[in-house]
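Position chain S relative to chain D; hints supplied.
Going line by line, the protein sequences match chains D and S.
Residue numbers for the first sequence, in our numbering: 507 to 934.
Residue numbers for the second sequence, in our numbering: 151 to 999.
It is possible that part of the hints are untrue.
Beta-carbon label-pair distances, calculated as ranges [claimed, not checked]: (1) D:I573 to S:Q203: 37 to 45 Å; (2) S:L772 to D:A758: 50 to 58 Å; (3) D:E695 to S:H385: 57 to 65 Å; (4) S:R517 to D:T926: 32 to 40 Å.
Calculated from the structure, these hints are not laboratory results.
These numbers come from a predicted model, not from an experiment.
By construction, the Cβ of each residue, glycine as well, lies at the ideal position given by its N, Cα and C atoms.
Residue strings, one per chain:
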Amino acid sequence: MSIHLHNRRAILKAGCTALALPFMESLSFGKAAAAVVPPKRFLMIGCGYGFTKETFFPTEAGRFADIGLTPGLKPLERHRDDITMVSNLTNLGATNAHGGSTSYLTGANVTGTPGKRFHNSISLDQVLAREIGQDTRYPTIALSDKDTNDGHGPGLSLSWSDKGQPIPGITSPVDLYHQLFGQDKESAEEREFRLAERRSVLDGVVADLKSSRKKLSKTDQDKLEEYLQSIRQIEQTISREVEWSNTPKPKAPFKQPKDAMDGLAALKTFQKLIVAAFQTDSTRVITYRQPINSILKSKEFSLGAHSLSHYNLDPRRGEASRQKDAMFMALFADLLDMFKKTVDIHGQNLFESTLISYGSNLRTGHGLKGCPAIYTGGAGGNLKRGEHIALPEEDTPLANYWVTLAQQSGVPLEQFSHSTGTLGELVG
Amino acid sequence: MNFKITTLFAAAVTLALQPLAAAEPSSAINLDPKILNGFLENYCVQCHGPEKQKGETQLDTLSLAIDSSDTALHWQEVLDVLNLGEMPPDDEPAPSPDELKQVLAHLTEALSESKKRLSESGGDTALRRINRREYKYTIDELFGFQIPDELLPPDDIAEGYDTVGHDKQFSSYHFNDYFKAAKSIVDTALKWVDQPRSESKLHTNEPEKRANQGLERYIADYDKKMARIKAGASHDELGIDDEKQLQMFVKRYDGRAGGRKRYLQRPYADQGLFLSDAGSSSHKVGSPGVNMDPRASYKFRFVAALAQDPPPIRHFLKWRVGDRSIGYVKVDGSFETPSVHELEYRAFLTDGRTGFHVTENRSDSIRLNHYIGKTGHKAEWDSSIWVDRLEVEGPYYPRNPSPFETNYQRTIGKPDLENEEQQAKRFLVTFMREAFRHRDPATEYVDRVFQIYQLNRKNNRSIKESLVTPLAMILSSPSFLYLMEDTPSTEDQIVSETEFANRIAYFLWSRPANSDLLQAATQGELSDPAVLRRMVDGMLEHPNSWALAEGFFSHWADLKRFDEIAINEAEHIGFNNGIRESARLEAQHLFHAMVKENRSLTDLIDSDFTVINDLLAFHYGLDFPDQGSEFVKVPLPADSPRGGLLGTTAFLTMGSNGERSSPIIRGALLMEKFLHREPPPPPPNVPELALASDKPLSVREIVDLHRQKAQCASCHSSFDPLGFGLENFDLLGQWREMETVGNVGKKDSKSKTKKNQVPIRAEGAFPNTEKSFKNLKEFRAGLIEQRHLLTRSITEGLLSYGLGRHIEFADQQAIDEICKTAAGNNDRICDLIFEIISHPTFRKADKPE
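Chain D with its partners taken away, still in its complex shape (with noise of 0.2 Å):
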């Protein structure tokens, strides 16, 4: 039996009691405070279904100048030199096939764990943020879509808060428009009230919460455990309100867009807006579950995200799934370009100053050994660039992909899921 394997079971078991312990004892930040300035960015895109195994995945290791592209990361050929692939990687949380993205950011072993048919942990952008994020006015922004059926699997966008909770992703472009440049027209008088009211409306559902609990069973009351630990989590968002109420937000860089949209215009829009989030240090971390049902739609694909994945039963199920990988990498491209054009409020390249990786826990069909992970921007400190690195181990974990991604790009963080060191292969 080989190595890996049983290494999984050391490691899922070990992972299991880490979670179990209260946020900050699991996750060992160093001890060095991260210099903030200049600001560093995530971005995190997460594409559900795996790719079409023939045509997409490179065969031999080194810089694609050298190996060149693999017809499905051709759309890529512009940023040729600033992608990097990783090969062998296993999220090693996912064990069903049909599990979607559920663990993609968190690395939970889902629904095998003991006691709980349920189960996930904090993902890595709230974990980013806590070092990242506290000087935005949004410490991470996650983004999904409204089609839920994108085998995405459970949950409401790729983030997870410290408790293993779905925190829902905007699904509106408008909407995320809105929470960005929507200007209040509250005066100073009115949003002290509204602030004033919105505690005491949190007082007074607490203290329902405390006469009730009394009353309880003992598994009733960690239940509502849940809400009690939310609305302290509210409360700390007004406290964040309060702190950002005499800062304008920024001007929008461009138009409201249209309310109505299919899914390729939506996802466009969503790739202009995380631009504009970032260039107008709105946030510094932006989690996206992207659509795959609506863009095959508006590309006029007769099937489904599904049906391509399971693209060898017929030839013309292939057809569609090497077009699907193109289409999803020419639309990556078109971002980069966006990135690489645009520079922040701090005068820096967007480009230079984040780290953007994109990739899902499935390889292709029913397959989670050797996941995608495709990272690019310059945020990434001494990550190299422009390269397919092939990892000595299969099954390396995805978490230690996690942890050098975040250490390259200033984040001190030692360990995170189930992670058992760093990727020195990547660091160059």
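Quick look at chain S alone, frame taken from chain D:
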């Protein structure tokens, strides 16, 4: 050689997957030594045994009793390497495909079961937060308002029923969403609460008037410009870009102005509106907009006629308010005697000023002229339906004011400046008690809610304005959002009478107990089985039991799968939104009809009736009584293949892959629902099969191909053959005797000639009894023979849904008892529901510690 651990347990094991001891609820799953011992001995232990432990793995000491997640993980590793074909290595003896298949099947099922067993929590119901449906109906009870689902945070996270408390998490986002939703509800409620009920009025739109005026203006304008061009006007003078554009303008005259002229010359164009490119650019026509009173209902009406003798598929209209579908109608009138279509519409809280519109029911993903060609409509132009006189009549109010209105009228509705504060407090406290399902709020809570009212008043807000936040706060408080039950003070460990009443009401109606039920509860009458039975029967017969179809049955039947399946509508023009929405409702109506009439569960397998609308009658080729756009229970002809859930498009289409029928998905669904055995999820990482074939393959042959690997066959050979029983139904649920087969994956036009028809073969076998069946009839008979498994599947589902928790091993005894009584009652659904409600398990309170 024998194994230490194995021999130890061998004596205790008789059957695979039997519990070690019934007294321990979360006891181990035991692997079958008969299946595993020989296999391990022959293929594994040489390298992973007492002598060698390659890869630090020793299998002879691994316990066959899976009683911890550690052991489960060990066995999972064994299963994984077998699935991947990594073990045994190529240079070692390999098991035969059959041996491998048996071991894989056994390990897969045992591990899947042990995963469930290890996640058990001991039968406690975690505090239940009300789901969207329950919130919606609870608001209806309190305010008399219908609210749209989108107002509330989404439910769907877990795989179980949407009532299961354990799976429902709460985050700050939930609180914010609930608070926002509550604000919009109370805003509207306070706005309307003292508005007098208005007189009913009739609003009519004669759609041709404005439309035709617009067309005439367009034509006149075009004619005028043409005349000027003739007279030598330049493009500049006419406001046209350049000479080239001017030429285009002249050239397009016939298509643009001419088309409109011809439209206006059509008979009856002066009396109504043709749904047409020329008549209304969006092919839809609407009623006048009316300021909808959210407390009321309205009558919607219009008349219509068929134009140009269209084929039946083009006889249907979809009826909508905004994006919300409210029905589908079949037009069968003529210009001389147009058909009249009417329905009653209950306003939604969020409606505001709105009306309805109608448009042809067809797929949106195909261009109209393309669609018309595919329907075979020999039409001169694009219309199939002519519509006239669109009317909204109302409002019509319910007889009684809502509890909210009554409360308001009794307190601050009669302004009394001296006692304003007292009145407001009384209003708020009364509302709290109603919203909290008659639990008394704590004094401190009451004070805090009231302080917010005072704070608002001090800031010069009106009485109504000052009530908004306090009311929204009540609707966001734990006592409203969670179904609270006190730990019992007495020894008997059962919930109180009132809590019992609310359990029943949320189970059957997804809303709080009404006054009748509460009264019976407070007088202790629910412990009298006769009274309880009367109450339960009354609730099941009532239209509100629709909530059980909407909640329980939709989940049991996995209708979400149906919602999620994408059908290529350009290729299958018989499928469209109308069919999709109607088919979903058909499945729910089938179950609701069973509940209303206390019918046997075997109706799910086969029934002599179905509940359909006009559109589905057309889809199925069934006769339909002339009863408007409603769903109607219709008897089925003796030779009809319809009947039961098995004969519904919802079930049959979710059993497809969107391109063709899928016996694999159907088989898996049938095994889970009707034989009560859930197939394990597909193992990860097994390489995909590549199916390429030069000769045309039937679906059956494709499915057979896909079982060539032991890794796939270990599970698929049990359920795929079940799915063949329904193979006479195509992916849209329509009956067929023949299947068209073509070359896999060749799309060029030449391949058309190679397509041929092969007869459908619907024979297969049951995995548990190994009995075979030859056709649909025998298949249904075989399922009915095993009806006890269906009863068990429904019973477990209902109990889980009703109690709001997962069913655990410890519940098996209760389920045995309930199923036994149900079998004695011919598996009738209401008898079964009554058994569940009157079983001690349903009244059991949580353990205090």
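Q) When you take the CB atoms of R517 of chain S and T926 of chain D, is the distance between them in 32 to 40 Å? A) Since R517 of chain S and T926 of chain D have Cβ atoms about 56 Å apart, the given range 32 to 40 Å is violated.
Q) Between L772 of chain S and A758 of chain D, is the Cβ distance one that fits in 50 to 58 Å? A) holds, 56 Å
Q.
The hint says 37 to 45 Å between I573 of chain D and Q203 of chain S; measuring C-beta to C-beta, is that right?
A. holds, 40 Å
Q: Could you say whether the range 57 to 65 Å given as a hint is met by the Cβ separation of E695 of chain D and H385 of chain S?
A: holds, 59 Å
Of the numbered hints stated above, the single one contradicted by the structure is hint 4.
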